[in-house]
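Asker: Take a look at the letters that make up each chain.
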Amino acid sequence: MVVETATRTMTYQQAITEALRIAMHEDPTVLLLGEDIAGGAMVDHLINDDAWGGPLGVTKGLVQEFGRNRILDTPITEAGFIGAAVGAATTGLRPVAELMFVDFFGCCMDQIHDQGAKFRYMFGGKAKCPVTIRTQIGAGMSAAGQHSGCHYSVFTHMPGIKCVIPSTPADAKGLLLSAIRDDDLVMFFENKVLYGTKGEVPEGNEGIPLGVADIKREGADVTVVAISRMVNQALAAAQTLADEGIDVEIVDPRTLSPLDDKTILTSVAKTHRLVIVDEDNPRCSMATDIAAMVADRGFDTLDAPI
Amino acid sequence: MSVVETSGAVAIDRAALLDMYERMTQIRVFEDLAGKNFAAGLVPGFVHLYAGEEAVAVGVCSQLTDNDFITSTHRGHGHCIAKGVDIAGMVAELMGKSTGICKGKGGSMHIADVEKGMLGANGIVGGGIPLACGAALTAKTLGTGGVAVCFFGDGAANQGTFHEGLNLAAIWNLPVVFVCENNGYAESTPVRYHCSASDIANRASAYEIPGVVVDGLDVFAVYEAASEAIARARRGDGPSLLEAKTYRFYGHFQGDQVTYRTSDELETFKKRDPIIALRAAIVARGLATDADFNAIDTRVHQLLDDAWIAAKAAAFPAPEEALTDVYVTY
Amino acid sequence: MPTIVTMPKWGLTMTSGTITGWSRAEGDPIAEGAPLLTVETEKAVDDVEAPATGILRKIVAEIGSEVPVMGAVAIITAPDEVLSDDDLDALVSSTAGPATSVGGAAPRAAREARQATRDSTGRVNASPAARKRAGELGIDLATIDATGPGGRVTSDDVERAAETATAAAAAPRTETVPLPDGTNIHALLAGPADAPETLIFLHGLGGSQATWFSVLGDFAQTFRVVAVDLPGHGASDKPSPEVFDYSISGLAAAVGGVIEALDLAPSVLVGHSLGGATAMQLSFERPKLVRALALIDSAGLGLEISGELLDRVESEPSPAEARQLMELFFEDRRFILQRGVDDMYASRNAPGADRAVKAAAASAFERSGQKLIFIDRLGELEIPVLLMWGELDRVIPARHATTAAAAIPAAWMEIQEGIGHVPQVEAAAAFSRVINRWLASFPPV
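Residue numbers (our numbering), protein chains in the order written: chain A, 1 to 306; chain B, 1 to 330; chain C, 1 to 445.
If you're looking for bench data, these hints aren't it; they were derived computationally from the structure. Cβ atoms here follow ideal geometry from the backbone N, Cα and C, with glycine treated the same way. Hints may be right or wrong, so weigh each one.
Residues from chain C that keep clear of chain A, each with C-beta distances beyond 12 Å, as calculated [claimed, not checked]:
hint : residue
1    : Ile59
2    : Glu66
3    : Pro79
4    : Ala126
5    : Arg131
6    : Val153
7    : Asp157
8    : Val158
9    : Ala407
10   : Phe442
In silico contact screen, one side only, chain C against chain A (beta carbon under 8 Å); selected entries [said to hold, decoys possible]:
hint : residue
11   : Ser127
12   : Pro128
13   : Lys132
14   : Gly148
15   : Gly150
16   : Gly151
17   : Thr154
18   : Ser155
Next up, chain A with everything else stripped away, as it sits in the complex:
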């Protein structure tokens, strides 16, 4: 039986807010912490109201609903509050921390990759670390050198970290719900330029499983693996190329760790050609990693350089 799920049109940002709201309702141990995720803490006229609701308003409205004990404004202290989120996750909470811009990872990386990511392994499987770290990536807002990076390849390098990177509002909602419900440390990369983009988003609290790529467009001539905002760019390019007779297949990995390499290899085996569109810095990136993976495991399917 196919169950038709009702959908509504909403923005990427609204889809994320909705997922946070659903997760907080379904699990009382879920709490949010980050810099100015409500804003205006201890301001008399904002006791149960937010000043900002996050720098771009993604968490706006949640403090009214859940109070300041679950929507926890932090000082500007990335190592402190990311580490606290990791510690809380190891001891019984399910925190969602917001690292305002991924560029700030240098201030807190030890707590992510040396602490949270490694506990379960180092402790012989007897610990878990169900923390989700939401962070903004991407250029396109003229935010210059320290607020425009992507850097997800830094995190995909590390065992123990799952990396989730939605390109559409529906994916953002479903993947964030799965990220929060996951018992490992999950980095959730939100592209700031996508916040205003609209799409159909299913109602309900269904998550999208991590590690399953989505074919955003089927085609026969060339596979384009596109990540995050590059999915939209690739779709537009595919339309142009279709007029020239080139039929593009677009694979959106949706999660980089785990990477759905099977879907990528299957697509390349069909089209024999691979282009990877990645906004991150090119050296030692997801693009080079996927290229290496296909060269390694799909070499005999290729008709052209990657």
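With the hints as your guide, set chains B and C onto chain A.
Answerer: Showing chains B and C alone in chain A's frame:
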């Protein structure tokens, strides 16, 4: 009255005193054997021994339950034993055996037992400080009544996480007790060089929380100061910073030639051995005899000897274990 | 799901067909297998059966229109299926050419093929996928035209080269085979060279390999097919009966020569009428050349032979005689086309043809009946034998099949109801079906 009065108002009864003596002896024997077996090539990796500092771990942890959390350091064996982690499992873990408390995957520097509230020894200096804040946040959010004790060394007092953690705990009023074990050296560097403060406890004032210096070789002093800080945290009055001035009898790590301190200095501190001091204090008050202590010592040696025999006989983890208990795909 | 009725491909060379009649009108119900329309080609006319049960929703091609093979002629829908005119147009246009790609991209200009480039060591510039596929198919990369950038051979290029090679090997071609006595025998060859079976088709008295026209295309998809013009027939030499033995034994010797010259042994012989007797003769004389026998309305299995046939053969060739012969052969008069009559008359008029046919007839038949009857020797046949007959055959009666089947150890008998002497033309689809089923019933070589 069968108690030892500390200098303040806290009294400790005979059973608790003998238990503290036994724990401290367990730590000492554990470390002596660890050093010996490391030299014999039976312990892989890096090993940092806690001998000399037993009064701090035991003075604090003897007042905690499994409902309370501690974070630890690279010199973590003493904290584990004081918090009640299984000693046989620890010995096997040191040897990297599959019967280890972490299946042999943590080793000396990452021994942990979350069920005992022991959140792991930690290879990163200062790494545990934010984690303790998180554990305290859990206790506060869930209303468990638990506290988090954060052990760290004098070297960690200069890390950003120290300042971030103290500030965060202070503004959120978290039930944390920060315990700085100042053993005089960060690796090979004396505290008088690496730290701007004559007493690290002074730094508490910057965050407007209590800061107390205690003699870390005196288990009674540690006990009393910790008692007050723990009570304050449980009451919901927020964090405190204790600085226990202590000394390590071994080097920074096994293999350290310890060229940075004199043998006179070591001998001076060994004369103040905290275990001997505790035993003397108990004897002085007529609460136990040499026979009592000899029985405890024999029991501890038997426990450790058995643990090493079992660990030596145990199997190493299967190679495929290297890729389990972690999310990873290649 | 609507079903698109398309122009069938009959025979090896058919490229289009002309619609000569519709047996249903738009809106009529139709059952799968029922005759739906009649199509005429240069060489045949036949009914096209409905491929599905439903409503004849639309006739795309009216009577008189010529439609390419695989082109749409009609659409059948389920009774309750609703389709707009736009839907119908889309369906029709979807059959117009090769299938379009999934993403709906516009057709791309094919990159010009060129000789593959090589590096300084002479290594052919080929993609990894092309190198692997060429290895699998055993094709030399150097022989493949490249369409990739910089003269690189792509996997598509390899597939294309493989298809071309297969098609070239399987393409129909004619061979002229000289026998030891100098007589040239004409044969039509088609189908893959590495096919599991070789089928050799032998026509009847006065005929030619053209009698197999409707069925060879089908068999050539799977089998190697060789349709022989017997001596004195079709395009083969027609030496004088004074120097050539036109008896069944002589014809069989010629066929044996062809099998040897083309290295086709052992083959499945499919013989019609006098060709059937020739096939039997060969399998008795040279059993190693024959691995199975399909006898179609065959001579040599009983006494009776149509007197009218002998009358026609003995008379002087004329268009009227030719037409009467066709009428004797076919039950369904639609198969008697003026073109067919003209062809038959022309072939009888070819130099040496008439005397050759008369000699062959006189050697095999007389007024009292067939001269050479194998019925007593059939028990010796250890190979699979198919007996197929048109139920209403007026040249050699169908009961010969029944008699023969009782005498042959491994016989398979099929009687085509309502059909005359030439089932391979009058019931071509059923003919192919039966032969294929029969071939599948015994293990390959």
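Asker: A separate judgement is required for each hint: does it hold in the structure or not?
Answerer: Going through the hints against the structure:
{"no.": "1", "hint": "Ile59", "verdict": "holds, 34 Å"}
{"no.": "2", "hint": "Glu66", "verdict": "holds, 31 Å"}
{"no.": "3", "hint": "Pro79", "verdict": "holds, 26 Å"}
{"no.": "4", "hint": "Ala126", "verdict": "violated, 9 Å"}
{"no.": "5", "hint": "Arg131", "verdict": "violated, 8 Å"}
{"no.": "6", "hint": "Val153", "verdict": "violated, 9 Å"}
{"no.": "7", "hint": "Asp157", "verdict": "violated, 9 Å"}
{"no.": "8", "hint": "Val158", "verdict": "violated, 10 Å"}
{"no.": "9", "hint": "Ala407", "verdict": "holds, 58 Å"}
{"no.": "10", "hint": "Phe442", "verdict": "holds, 39 Å"}
{"no.": "11", "hint": "Ser127", "verdict": "holds, 4 Å"}
{"no.": "12", "hint": "Pro128", "verdict": "holds, 5 Å"}
{"no.": "13", "hint": "Lys132", "verdict": "holds, 4 Å"}
{"no.": "14", "hint": "Gly148", "verdict": "holds, 7 Å"}
{"no.": "15", "hint": "Gly150", "verdict": "violated, 10 Å"}
{"no.": "16", "hint": "Gly151", "verdict": "violated, 13 Å"}
{"no.": "17", "hint": "Thr154", "verdict": "holds, 4 Å"}
{"no.": "18", "hint": "Ser155", "verdict": "holds, 5 Å"}
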